[in-house]
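Chemist: Please put together the full structure from these sequences, using the hints given.
Quick mapping for you: the protein sequence lines, in order, are chains A and B. For the first sequence, the working numbering assigns the number 58 to the initial residue and increments by one for each residue that follows. For the second sequence, the working numbering assigns the number 96 to the initial residue and increments by one for each residue that follows.
Worth double-checking, as some hints may not be accurate.
[As the list claims (entries may be wrong)] BS3-like, lysine-lysine: derived pairs with alpha carbons at most 30 Å apart:
id	chain 1	residue 1	chain 2	residue 2
1	B	Lys101	A	Lys68
2	B	Lys145	A	Lys99
3	A	Lys62	B	Lys145
Simulated from the structure, these hints should not be mistaken for laboratory data. Computed from a predicted model, the values in this text were never measured in an experiment.
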Amino acid sequence: MIYSKMWCVVKPSVGIPVFIAAVAISSFSVHLALTTNTTWVKDFLNGGTKVVAAAPAADAAVKK
Amino acid sequence: MSNSDKVWPTGLTEAESEEIHRNLIQGTQIFGMIAAFAHLLAYIYSPWLK
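Modeler: Structural data, given as structure tokens:
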């Protein structure tokens, strides 16, 4: 393919940082979108699943 | 001067350009594999998609 010759016309000292920055920015925006548009990420990061997992056990203990 | 010895505006020859590109692609593939593994862990250990 022709892509390997792109560095003949795009300086690597410019193209590579731009490429890495693009990956970083897109990855960051996906994570930001997830944290702002979902509830489960925040719950999970605050130990949500453990609370859910613990709750049934606590109920079971109470019922006995 | 054959085409392969020509120095392009970026100061590189075609061989040097292909060398850089090969390494950039390999690095991107390694990044991709790490990301895939991270998504697997997220799928297993987080409420994602459950």
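Chemist: For every hint, state whether the structure bears it out.
Modeler: Verification of the supplied hints:
For the hint pairing B:Lys101 with A:Lys68, the CA-to-CA distance comes to about 16 Å; that is within 30 Å, so the pair holds. Pair hint B:Lys145 plus A:Lys99 holds up; C-alpha atoms about 15 Å apart against a cutoff of 30 Å. For the hint pairing A:Lys62 with B:Lys145, the CA-to-CA distance comes to about 44 Å; that exceeds 30 Å, so the pair is violated.
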